[in-house]
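K.L.:
Start from the sequences and build out the full structure, keeping to the hints where you can.
Just so you know, the sequences run in chain order A, B and C. End of the first sequence sits at 313 in my numbering; the numbers just go up one at a time, nothing left out. End of the second sequence sits at 68 in my numbering; the numbers just go up one at a time, nothing left out. End of the third sequence sits at 251 in my numbering; the numbers just go up one at a time, nothing left out.
Everything labelled a hint here was simulated from the structure, so no lab data went into it. A portion of the hints provided could be inaccurate.
[Said to hold, decoys possible] Result set (DSS-like, lysine-lysine): computed pairs, CA atoms no more than 25 Å apart in a straight line:
(1) C:K176 <-> C:K245
(2) A:K76 <-> C:K9
(3) C:K249 <-> A:K65
(4) C:K176 <-> B:K39
(5) C:K13 <-> A:K108
(6) C:K9 <-> C:K245
(7) B:K39 <-> C:K17
(8) A:K5 <-> C:K249
(9) C:K95 <-> A:K76
(10) C:K17 <-> A:K76
(11) A:K152 <-> A:K77
(12) A:K152 <-> A:K125
(13) C:K9 <-> A:K129
(14) C:K95 <-> B:K39
(15) B:K34 <-> C:K17
(16) B:K43 <-> C:K176
(17) B:K39 <-> C:K13
(18) A:K152 <-> A:K172
Here are the chains, one letter per residue:
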Amino acid sequence: MVAIKCEGLTKRYRDVVALDSLDLSVEERSIFGFLGPNGAGKTTTVKLLVGLGNPSVGRAWVAGKEVTPEAIGLRKKIGYLPEVPAFYNWMTGLEFLSFVGELHHLSKAEIENRCDELLELVELKEAAKRRIGGYSRGMRQRLGIAQAIINKPEVLFLDEPCSALDPIGRRKVLELIKRLSAGATVFMSTHILSDVERVCDSVGIIDRGKLITTSSMEELQRKYTRSVFELEFEEDTSPLVAKLQAVPWLVKAEQVEVNGSPALRIQVTDINTAKRELPGIVAASGLTLLRYELALPSLEDIFVELVAGGGNK
Amino acid sequence: MDGLDTIVEMLPFIIPLLILQLALMIVALVDLIKRQRVKGDNKVLWALLIVLVNIIGPVVYLIFGREE
Amino acid sequence: MSGLGVLIKKELKEQLKTYRFLIITTAFLFFGLTTPLMLKYLPEILKMAGEDIIIDIPPATVVQALTEYAGTIVQIGVLIAVLVTMGAISRESEKGTAAMVLSKPVSRIAFILAKLFALSTSFVAALVLASMACYGYTVLLLGEADIVAFIALNGLLILFFVVSISVTLLFSSMFKSQLAAGGLALVVLVGQAIMVNIPRIGAYMPSNLVSWGTGLLSGDIASAWGAVRISLAIIIACLYLTWLKVRNKDL
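P.N.:
Written out as structure tokens, the structure reads:
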């Protein structure tokens with residue numbers, strides 16, 4: 001079953017195309033990571049999917065229902081955590097959660113139970129009766145998560161759920177997301193690759209409003225772990241580069257600037273063979289080695305690669 | 001003593017007005033004391049405004065002075 | 001209109017917690033009490049200030065007091081209505097609380113209606129208190145007054161305030177800047193008040209409700225049902241346009 005689906009979803013603000021015909025489908029009970037740098041169109045997408053924005057073109061369906069601004073029935077089944085959750089500062093944490101519970105038409109007893117449970121879960125029990133106006137950013141984020149799942153949603157949209165959290169809070173939230181996926185589909189947007197890596201089943205990568213690729217987590221990881229060596233020499237490295245061209249495991253070797261000094265960046269297909277053979281080749285070249293480092297490609301590397309290659313779609 | 005008579009006659013009608021002013025002043029002062037931060041970060045100045053300017057002082061504080 | 005009840009409850013609580021209700025009530029009560037008081041004692045206070053000046057003010061009448069009360073309350077009330085409503089929608093969409101609420105099973109018309117209802121309720125409550133105070137003082141200081149006419153006057157004032165709130169609410173959905181929304185609402189509301197003097201059209205302006213109300217005090221039976229109808233039409237039109245605006249808003 002498909003929990004989230006969109007066809008040609010496009011959002012233009014005047015001349016700017018924030019989202020360019022997005023086609024996507026997310027399987028039920030999976031965790032989908034929507035990955036992209038800031039300003040890529042992640043928040044725009046999430047807002048369109050929860051019906052807070054009107055698409056310029058295209059349609060979207062969530063939990064089998066079409067998303068529209070007045071799709072009340074649909075909203076009972078979804079949860080939404082905005083990028084920066086906003087609250088009525090005059091309310092207490094408990095008051096806000098109860099308010100959201102009432103908006104979801106939960107019964108009094110249910111609201112009481114859920115509030116208790118959730119405040120415990122997000123560790124706001126002690127602050128429950130304090131005004132939200134005095135909450136820290138991390139507390140607001142946690143309250144945001146609690147309000148998003150008070151109705152036990154079928155589909156949960158989380159826009160940068162780990163922002164504003166410390167490392168421990170981050171890990172807890174990711175664990176929580178993992179647990180929630182037993183009964184719900186989770187769509188989470190993030191610009192942090194390691195978050196996606198930890199919990200997601202599949203991932204979509206978006207840049208400048210365009211979906212570059214979607215793939216399962218394993219597939220991305222295969223690409224991701226294709227490692228990069230960074231070497232620094234005293235001399236010119238051209239002879240070494242020429243010699244490397246003959247090696248079967250090389251993807252590419254290029255001169256780059258790292259922190260202002262020239263370095264050689266070598267991308268390889270087979271990390272283990274490369275680890276064994278590269279030092280020998282370097283030694284044989286007779287160049288003076290200053291630095292030898294195994295670097296993981298950053299998110300930027302993957303983007304650059306995907307954007308340059310046009311993705312694998 | 002025509003003037004004094006007038007004042008004595010007016011007094012019962014003025015008391016509710018005074019109570020109204022006082023109530024508003026107290027509400028504003030209590031809020032000011034409880035609040036951690038106010039606009040301009042100067043509680044003393046706000047307190048003076050609330051106490052010295054009738055009606056308008058507390059109203060201005062309650063509308064513009066409160067900050068989360 | 002899913003969520004209307006819950007939202008009304010929230011808006012009313014907000015009126016209390018943000019002191020809006022207190023401010024409206026205090027302002028109204030203040031003018032309700034001082035108007036008859038000043039009318040009664042101003043000549044005597046002036047006399048006390050300087051005995052040489054011969055002041056020839058005829059003693060104040062009941063009708064005069066209640067009419068003046070209506071005039072002051074309308075002016076202050078419109079100003080307050082604009083002030084407390086001008087950010088009602090823009091502030092919530094700016095802060096993100098609108099997105100938070102509207103991502104729940106809540107229809108957007110309920111979101112708007114709750115605001116209109118809660119704000120109007122504040123005005124009704126404040127006006128009930130102020131009118132009772134004013135009536136009491138007037139009777140005690142100046143003599144018997146026609147209570148039916150006075151209640152009718154206050155009813156017409158309420159309708160006028162609801163028009164003011166609806167107009168401001170519409171502008172609040174149209175402009176990000178509270179000042180722009182409030183300014184334009186004031187221009188419209190003052191504009192229609194000036195147009196009351198234009199023959200024929202003037203009778204249909206919402207401000208004519210106030211003239212009808214004060215006319216009732218002195219036994220003037222010339223009614224202004226036209227203005228009532230137009231006022232109701234303005235409220236409905238403003239609500240509809242606000243709804244369109246909010247529905248098409250990207251939150």
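K.L.:
For each hint, tell me whether it holds in the structure or not.
P.N.:
Now for the hints, and whether the structure bears them out:
1. Of the supplied pair hints, the one linking K176 (chain C) and K245 (chain C) holds, its CA atoms being roughly 12 Å apart against a limit of 25 Å.
2. Proximity of K76 (chain A) to K9 (chain C) is assessed by CA-CA distance (about 20 Å); at most 25 Å being required, the pair is judged to hold.
3. Among the hinted pairs, K249 (chain C) with K65 (chain A) is consistent with the structure: their alpha-carbon atoms are about 21 Å apart, no more than 25 Å.
4. At most 25 Å may separate the alpha-carbon atoms for a hinted pair to count; K176 (chain C) and K39 (chain B) meet this at roughly 22 Å.
5. Our distance criterion of 25 Å between C-alpha atoms is met by K13 (chain C) and K108 (chain A), whose separation comes to about 19 Å.
6. In summary, the hint linking K9 (chain C) to K245 (chain C) is supported, as the alpha carbons are separated by about 24 Å, within the 25 Å threshold.
7. At most 25 Å may separate the alpha-carbon atoms for a hinted pair to count; K39 (chain B) and K17 (chain C) meet this at roughly 18 Å.
8. With a C-alpha separation of about 23 Å, the suggested pairing of K5 (chain A) with K249 (chain C) holds against the 25 Å cut-off.
9. A distance of roughly 23 Å separates the Cα atoms of K95 (chain C) and K76 (chain A); the hinted pair therefore holds under the 25 Å criterion.
10. As the CA atoms of K17 (chain C) and K76 (chain A) are separated by approximately 29 Å, the hinted pair breaks the 25 Å bound.
11. Between K152 (chain A) and K77 (chain A) the alpha-carbon distance is near 8 Å, which keeps this suggested pair within the 25 Å criterion.
12. At roughly 20 Å between alpha-carbon atoms, K152 (chain A) and K125 (chain A) fall within 25 Å of each other, so this suggested pair holds.
13. For the suggested pair K9 (chain C) and K129 (chain A), the alpha carbons sit about 19 Å apart, so the restraint of at most 25 Å is met.
14. Distance restraint check for K95 (chain C) and K39 (chain B): the Cα-Cα separation of roughly 18 Å lies within the 25 Å cut-off, and the hinted pair is therefore satisfied.
15. For the proposed pair K34 (chain B) and K17 (chain C), the alpha carbon gap of about 14 Å is at most 25 Å, so the pair holds.
16. Distance hint between K43 (chain B) and K176 (chain C) is unfulfilled; the C-alpha atoms sit about 30 Å from each other, more than 25 Å.
17. In summary, the hint linking K39 (chain B) to K13 (chain C) is supported, as the alpha carbons are separated by about 23 Å, within the 25 Å threshold.
18. For the hint pairing K152 (chain A) with K172 (chain A), the CA-to-CA distance comes to about 18 Å; that is within 25 Å, so the pair holds.
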